[in-house]
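Asks: Spelled out, the chains give:
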Amino acid sequence: MKAKSRRTGKPRKTKANLDFFDLRLYIAGQTARSLAALANLQRICDEHLEGRYRLEVIDLLERPQLARGDQIFALPTLVRKLPVPIRKLVGDLSDTERALVGLDLRPRASSRS
Amino acid sequence: MAKTATRPALVQSVPKSPTGIQGLDEITGGGLPRGRPTLVCGGPGCGKTILSMEFLINGARQFDEPGVFLSFEESVEDLTANFASLGLDPRPLSARKKLSLDYVRVEPNEIQETGGYDLDALFIRLEHAIDSVHAKRVVLDTIETLFSGLSDTRVLRAELRRLFNWLKTKGVTAIVTGERGETGMTRHGLEEYITDCVIMLDHRVVEQNATRRLRVVKYRGSTHGANESPFFIDESGISVLPIASLGLQHSIAPGRLSTGVPDLDAMVGGKGYFRGSSILISGTAGSGKTSLAGYFAEAACRRRESALYFAFEESAAQIARNLRSIDLDLEPFLRKGLLQIHAARPTTSGLEGHLSAMHRLIEEKKPRVVVVDPISNLISVGTSVEVRAMLARLIDFMKVRQVTALFTSLTIDEGHPEGTDIGISSFMDTWLVLRNIDRNGERIRTLDVLKSRGMPHSNQVREFLLTSQGLKLLDVVRDQGRVLIGSERAAHATDGPVGPRRSGKRAPRP
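Here the protein sequences line up with chains P and Z, keeping their order.
First residue of the first sequence: 53, per the working numbering; consecutive thereafter.
First residue of the second sequence: 161, per the working numbering; consecutive thereafter.
Don't read these hints as lab results, they were simulated from the structure.
From the three backbone atoms N, C-alpha and C, an ideal C-beta is built for every residue, glycine too.
Check the hints yourself; a few may be wrong.
To be verified - Listed next, with one range per pair, are the computed distances between beta-carbon atoms:
no.	chain 1	residue 1	chain 2	residue 2	range
1	Z	S311	P	R95	43 to 53 angstroms
2	Z	D224	P	Q117	19 to 29 angstroms
3	Z	T383	P	G121	38 to 48 angstroms
4	P	D98	Z	G344	13 to 23 angstroms
5	Z	A241	P	Q82	35 to 45 angstroms
6	Z	K525	P	L113	47 to 57 angstroms
7	Z	G247	P	R95	50 to 60 angstroms
8	P	G121	Z	L521	40 to 50 angstroms
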């Protein structure tokens with residue numbers, strides 16, 4: 053688990069570095085779904101984002117006040133803070149295709165559903 | 161106009177949380193079901209959000225029940241700005257930790273579903289907010305927005321069901337709003353999950369007047385008014401005007417009130433009107449209705465009782481000036497604030513608007529006597545069935561508060577003063593009819609008591625004069641069994657002997 057916590061202030065990475073992924077995974081406790089999401093995410097990162105991502109895991113049971121900032125209402129939710137625009141991946145990331153599309157690592161299908 | 165006398169709301173069925181919204185607590189028999197969610201649904205702009213916010217703000221201000229407002233539609237800034245303009249500024253309450261506002265932004269374009277999920281984050285946010293202010297009340301406005309961002313309706317429905325159950329276990333009284341659907345009450349069938357209480361709002365245009373209606377569709381474990389009730393939104397929030405009558409259980413206030421004219425007091429049982437009664441003075445144009453209303457108000461002020469005068473024909477200054485011409489000076493009482501005149505053109509707002517404003521003012525100023533001059537103008541802005549119902553309500557409302565109310569009514573048809581008063585006479589305890597008779601080339605003013613419940617009253621048609629010394633009721637002069645009026649009387653007075661007075665109702669002439 054590469055749970056790094058962000059230091060204060062804005063992300064240091066600038067727009068110049070478009071390849072860099074700043075990710076936050078929101079979970080609530082160590083539920084099966086949380087763990088599945090984490091494992092699925094880890095796999096995607098290893099396969100597609102090796103060396104160019106940062107992941108912060110936020111457990112809302114511990115820090116409920118953080119749900120407001122990123123407008124989280126479903127869990128698990130993966131927020132791609134960078135590159136912009138912000139994307140929210142709702143679910144345990146078991147649908148790898150959709151997860152990759154959501155992260156813009158695959159071209160988007162014509163319709164979202 | 162039937163009045164329903166039974167109102168079994170006094171039987172406390174389920175525990176209730178008062179909304180503090182005028183009229184709504186009455187229809188619901190005390191408020192929303194405590195500790196349970198209530199569904200408030202209706203089309204766009206029907207007032208769901210305002211009703212919900214007022215429920216929270218009243219809760220925090222009046223009932224020491226802090227609240228959480230979770231908006232899915234408007235940002236906290238927008239909400240705050242909108243409600244500040246309605247006199248429901250949430251900021252002071254937020255600052256005192258009596259209210260927590262949160263905005264859940266659902267942005268479909270940002271969201272991609274990638275597998276199983278639940279709405280735990282929403283629960284966590286809500287719980288955090290509830291705990292932070294120790295909330296007893298919660299509003300979710302409009303939770304159906306979630307359906308626009310998340311496609312798995314099966315999961316959503318299960319989660320919403322879980323959410324509403326969870327709200328019950330938290331013991332909060334909640335309002336969940338829903339947009340009206342094509343087929344059901346709400347687009348996504350929230351009524352399936354929220355079964356304790358459902359309130360429907362409606363905003364429609366009737367005869368060019370936008371009117372709002374509220375209906376309690378169901379209320380489990382409680383009786384409730386089932387009718388549609390008009391409601392009104394103004395700078396002090398919502399007021400609902402239940403069409404159903406308050407019932408006839410109001411207690412009778414003891415005492416009598418002077419009509420302001422000693423001679424007239426003599427005609428109505430010698431002591432004047434009953435306190436808490438309703439008086440109708442009908443008559444044609446220029447027959448002296450406003451003058452009598454003025455006397456009544458002035459007499460109240462002389463007794464140091466506050467009077468509220470609703471003028472729908474003349475401005476306050478105009479009334480004061482005109483009454484001065486018959487030696488009735490209202491100025492000192494106006495200055496002291498003992499008499500307050502509220503003048504408005506009937507057309508400036510709908511009937512609901514007027515009645516709601518009147519309710520509110522009566523509630524606020526707590527006058528002992530009220531004058532509505534004339535009620536017929538108010539009737540001109542509404543449709544008849546509604547008017548009767550709402551008028552009945554206003555009258556009952558005043559009776560309950562033991563406010564003595566005097567209404568004037570303009571009669572169009574001289575021949576049948578009874579015919580034009582749209583059946584309001586049955587609400588009236590005392591009815592004076594003024595006439596302006598054209599006879600032998602002169603106009604003669606007459607006054608008679610058509611009815612006066614519960615007191616002996618004169619059956620004579622009395623002639624009266626409006627002079628610079630005031631209103632004067634002339635003694636009845638008879639000659640050979642005929643009542644003489646007008647110049648006949650004058651001729652009689654100079655030529656012949658004064659006829660016998662049979663009534664014995666002589667009052668000192670001023």
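Asks: State the violated hints by number, sorted upward, taking the hints as numbered earlier in the document.
Replies: Result: hints 1, 4 break, sorted rising.
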